[in-house]
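2 protein chains.
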Amino acid sequence: MSNPDVASPIIGVFDSGFGGLTVLRALKDRLPQAQFAFLGDTARLPYGSKSRRTISRYAAESARFLVNDQGAEFLVIACNTASALALDAIQDSVSVPVLGVIEPGAQAASAASQTRDVLVIATDATVQSHAYAAACRAQGLRALEKACPLLVPLVEEGWIDRASATGAVTAEVIRIYLAELTAESTAQGFHPDVLVLGCTHYPLLRPFFEVAIPAGVRIIDSAQAAAEAATRSINDRHAPSAAGPLVRPTEIRCFATDSVEKFERLGSRFLGQPVGKVQLVDLGG
Amino acid sequence: MSNPDVASPIIGVFDSGFGGLTVLRALKDRLPQAQFAFLGDTARLPYGSKSRRTISRYAAESARFLVNDQGAEFLVIACNTASALALDAIQDSVSVPVLGVIEPGAQAASAASQTRDVLVIATDATVQSHAYAAACRAQGLRALEKACPLLVPLVEEGWIDRASATGAVTAEVIRIYLAELTAESTAQGFHPDVLVLGCTHYPLLRPFFEVAIPAGVRIIDSAQAAAEAATRSINDRHAPSAAGPLVRPTEIRCFATDSVEKFERLGSRFLGQPVGKVQLVDLGG
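As you go down the protein sequences, you meet chains A and B in turn. Here the numbering used here is used: the first residue of the first sequence is 438, the next is one more, and so on. Here the numbering used here is used: the first residue of the second sequence is 438, the next is one more, and so on.
Only chain A is shown next, with the shape it has when bound in the complex:
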């Protein structure tokens, strides 16, 4: 498939699940003329418990689907585990530019930090990979990472309304996690001024973090940072068309390898608009 419309590039966005729709949401706000193909490899999640070799194979298959079958000219890996463990394998498997979420998150943290100490919260798998710590170190930052395994299920349960009893649970979970992280930070002599949200589910919890973080700490959302970095890179390649009304709304096609019903039901919460019909694709076992 080739795309003759250079001002409307086709951008592939990949995640093991559908949390990466928060990255797509941030992308479409910045690139309203682009066309998007999103793939959630829901049949084979969670990637976090699998080996690097297996994750690389899955991610490469997914990347080839987006590039070869859907014509993507740019790939955003909206999955922390795949970004941490399989970015090289993905880059080797396709001939288009590929961007992960971790590097942009670390760069945005570096741009925001004065003290050069940052806190990172993420899933267990991402923290165990220490990919954020490594990317932060490359920016001259010290990073203290903490796994927050309850936050993804809280988001997927939809307990994100701060005014409700369920939202009060989420607020208390976040208070406990941040208190543990702050205590650890103090014990290690850190002086953090940035908190990196290192999971694509966490942007939905941003209002909770804004009221819970200590004074003087700024929030960096790695989904947003990745979307900004991708937008810069894409605009360098595909000059936005001259000012004027958009000829058509942003086009978004969504694919999943399993659990299409759950994707359609929960996806809109992450994308900020209906995801529409999700197509089931079979990438093998």
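Possibly wrong hints are sitting among the right ones.
No copy labels: a pair is met if it fits in one copy or bridges any two.
[Stated by the list, open to error] Subject to a maximum C-alpha distance of 30 Å in a straight line, what follows is the list of computed DSSO-like cross-link-like pairs (lysine-lysine):
#, residue 1, residue 2
1, 699, 583
2, 699, 714
3, 714, 583
Derived by calculation from the structure, the hints in this document are not laboratory data.
Put chain B on the given structure of chain A with help from the hints.
What follows is chain B alone, placed relative to chain A:
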């Protein structure tokens, strides 16, 4: 492998993860002379998001490992998803008796219920299979099922101490879930007198449920019900040896297909004693 010691049968216990250790815990209390081999197919969890065909293949491979390689003479499927979707496939794949967790849970609910209306809480995957509703219907019971997706991660985080701030979160989550379930039960004209804990993680939350359930409702723990049913069946086949001191402590060998470290770290919480060294086994992809 064959076992000459008829009074010390080898019992295989299988789960997709390690929650099934609560069933093993209940079994070893009842069968102190038995030898146990536990397999957690941790490389391929969660089973809940996979198709019946895939789950059947995984579960049959796991069952054959326990019977053919470890000499199990009786199999307990301590996994709700595999019990719901793959019990026939497992029974076809081995020549020893096989017992799941769902049937015994429904039978124990039936024995306890006067009103013939029961409530069942479980994971999303188990509820979507409606296996408990079907098993309860076969006992002449009406069952109302509710998925409680936050409870497994709360248990795995270890937020189970009622006296702590983290335990207060768990108590509030359980209060919300039970309030939703009770409201739905009332709306449907149910008069439940039994609550079935339909997930192998939930026995660790039993103290929370005991203070949270409405008056007149009894708790049935399907892990315990399965262990009781298995004990009856095993004692019918292997007469317990005459009274006298045990010649050796209960022997428990644990195997996992991945995440051995997490198994060793969290498993003791479920088993109620250290799980010891967990052996990694490869059952293929």
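Q. Taking 30 Å as the upper bound on the Cα-Cα distance, should residue 714 and residue 583 be classified as within, between, both, or neither?
A. Answer is between; shortest inter-copy Cα gap is 27 Å, intra-copy 36 Å.
Q: Since the copies are identical, ignore which copy is meant and state whether residue 699 and residue 714 lie within 30 Å (CA to CA) inside a copy, between copies, both or neither.
A: within (12 Å within a copy, 38 Å between copies)
Q | Copy assignment of residue 699 with residue 583, given that the CA separation must stay at most 30 Å | A | The answer is both: 28 Å in one copy and 16 Å across copies each meet 30 Å.
Consistency with the previously given hints is maintained throughout, with no hint failing.
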